[in-house]
Each structure stands twice: as structure tokens, then as C-alpha cells.
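J.: Sequence:
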Amino acid sequence: MEYRIKAQSRGNENPSALRDAGKLPGVVYNRQENYKVAVDLKEFNKVFMAAGIHHVITLELENGKTVDTLVRQVNLDKRRRRPDHVDFYALSDEPVQMWIPVKIVGTAQGVREGGVLQLVNNDIQLKVSPKAIPPYIEVDVSNLRIGDSIHADELTLPQGVKLAMNPRDTVVAIVPPEDAEKLAAQAAATPAEVEVIKKGKTEEEK
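In UniProt numbering, the protein residues as written are 1 to 206.
Think of the hints as simulated: they come from the structure by calculation, not from any bench.
Every residue gets a Cβ at the ideal spot worked out from N, C-alpha and C, and that includes glycine.
Some hints could be false.
To be verified - Pairs of lysine-lysine residues, derived as DSSO-like cross-links and limited to a Cα-Cα distance of at most 27 Å, are as follows:
{"hint": "1", "residue 1": "K103", "residue 2": "K65"}
{"hint": "2", "residue 1": "K42", "residue 2": "K6"}
{"hint": "3", "residue 1": "K46", "residue 2": "K162"}
{"hint": "4", "residue 1": "K42", "residue 2": "K127"}
{"hint": "5", "residue 1": "K65", "residue 2": "K42"}
{"hint": "6", "residue 1": "K36", "residue 2": "K65"}
{"hint": "7", "residue 1": "K131", "residue 2": "K103"}
{"hint": "8", "residue 1": "K78", "residue 2": "K103"}
{"hint": "9", "residue 1": "K36", "residue 2": "K6"}
{"hint": "10", "residue 1": "K162", "residue 2": "K103"}
{"hint": "11", "residue 1": "K103", "residue 2": "K6"}
To be verified - Simulated restraints, written as ranges between beta carbons of each label pair:
{"hint": "12", "residue 1": "R145", "residue 2": "E33", "range": "26 to 36 Å"}
{"hint": "13", "residue 1": "T156", "residue 2": "H85", "range": "15 to 25 Å"}
{"hint": "14", "residue 1": "G114", "residue 2": "K6", "range": "45 to 55 Å"}
{"hint": "15", "residue 1": "E94", "residue 2": "P167", "range": "34 to 44 Å"}
{"hint": "16", "residue 1": "T156", "residue 2": "E94", "range": "19 to 29 Å"}
{"hint": "17", "residue 1": "K127", "residue 2": "T66", "range": "22 to 32 Å"}
{"hint": "18", "residue 1": "P101", "residue 2": "R80", "range": "26 to 36 Å"}
{"hint": "19", "residue 1": "G22", "residue 2": "E113", "range": "14 to 24 Å"}
{"hint": "20", "residue 1": "Q8", "residue 2": "N166", "range": "13 to 23 Å"}
{"hint": "21", "residue 1": "S142", "residue 2": "E33", "range": "19 to 29 Å"}
{"hint": "22", "residue 1": "P167", "residue 2": "D140", "range": "10 to 20 Å"}
{"hint": "23", "residue 1": "R80", "residue 2": "R4", "range": "32 to 42 Å"}
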């Protein structure tokens, strides 16, 4: 499915004035270029809700040019609780590093035995060609018993896709019920960052 948004180039316009007019200021960047754009806020919200950060969004510029991008970062207005700036990463033929969601497949034997499935990493960082971005990475947990886990380097990745995170990071584990309760309590006690929707530029892309 294609995701497209009309975008207009912008200069030194007041970002607040653009927002008051229903526009969302943004920037398009990669190693070679960096320029400012503005998109319709309602149109962006609709497309971003469907595409998220894992699907290519094509920007249609007013000069007839199109550019394929990935949303790298969306900043939120703390008071209005709506996007107030977006970073689009312009794709080329070079591989990109991005976070791809994990899809759990099967029912773990350890869960049948009373254990609890703990998804430690919801997303996996990969290096992949923009033309071959997988929608998700399947993780089969059927054979896991209580105390078992799957690490990043044990995942089956599509051809041409490389891991771009610590290979020994745990992706999923089957833990005893009492351990799951402790982890849940710790997570509830940790305040979440909500102002930035997603990770920004990697060091490689700045």
C-alpha cells in the first residue's frame, strides 16, 4: 500500500503561524540534503496513523518532485497534545537503520506450564535496504519453556537484512509468574517519556 502526503517547501516562516494555519512544520534530511517543509496536520495524522515509522511515506512537493521518506521523529506540543514538528528521513539506495516490530508466533510450552511470556524488546533494530523493509520480524516461541529466552542473534532475518543492535539483547523470555509481577511493578513505577513519539536520527544519519 502506498502512503502519500502533499508537502510544501518553507523558508523562514514563523512555525507558530504555520501551526495556527493547520500546518505541521518539518524537515527532510539525509547525508546529502536537508530542507524545511510543511504538511497539512490532519493529512499527516491520517497517514501517520496508518503508516507509522515502518512504512515509506512519499512526499509530493509543489514543484512536482516526489521523495520517499521514513518518519524518524515527531515532537508533541505539551499543551495541545498534538504534533508540532516532524523529521522525514529521505531514502536513497543506501541501507538504513530502523526499528522493526516483533510479531510473536505460536504458544510457548512454558506458558502452558504456568509461565508468563515477557516481550522484552517490542522492536528490533535492523540495517536494511529501503526497498526491502519487512513489516515485522516473526519470533516463534512454541518451544520455549519457563526460564528460556530468545536473543536478537537467534532471530531468523530475511535475506539481505542485518542486525543493528546488541546481538545478545533479549527479545522474549518465559518467566515464572512471580518474576513477571516484579517486572510489571517496576515498569509501572518508571515514568514514560511521551513528548517524543519515536527515536530520532541515529549517529549514522546525522
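J.: CB of Q8 to CB of N166, is that within 13 to 23 Å?
T.: 41 Å Cβ-Cβ, so the 13 to 23 Å window is violated.
J.: Taking the Cβ atom of G22 and the Cβ atom of E113, is their distance within the range 14 to 24 Å?
T.: 55 Å, violated
J.: Please check whether T156 and E94 have a Cβ separation lying inside 19 to 29 Å.
T.: Distance hint for T156, E94 holds at roughly 24 Å.
J.: For the pair supplied as a hint, K103 and K6, is the alpha-carbon distance within the 27 Å limit?
T.: 32 Å, violated
J.: Holds or violated: K131 with K103, Cα cutoff 27 Å?
T.: Holds, because 21 Å separates the two Cα atoms, which is no more than 27 Å.
J.: Is K42 close enough to K6, meaning Cα to Cα at most 27 Å?
T.: Cα-Cα ~12 Å, so holds.
J.: Given the hint that K162 pairs with K103, does the C-alpha gap stay at or below 27 Å?
T.: Status holds; Cα separation ~18 Å.
J.: Assess, step by step, whether the Cα of K36 is no farther than 27 Å from the Cα of K6, and give holds or violated.
T.: The hint holds at about 14 Å.
J.: Tell me if the beta carbons of S142 and E33 are separated by a distance inside 19 to 29 Å.
T.: 46 Å, violated
J.: Cβ-Cβ distance between P167 and D140: within 10 to 20 Å?
T.: At 18 Å between Cβs, range holds.
J.: Are the Cα atoms of K78 and K103 separated by 27 Å or less?
T.: 32 Å, violated
J.: In this structure, is the beta-carbon distance linking K127 and T66 contained in 22 to 32 Å?
T.: Once the Cβ atoms are compared, 25 Å apart, the range 22 to 32 Å for T66 and K127 holds.
Violated hints, in rising order: 1, 3, 4, 8, 11, 12, 13, 15, 19, 20, 21, 23; the structure is consistent with all others.
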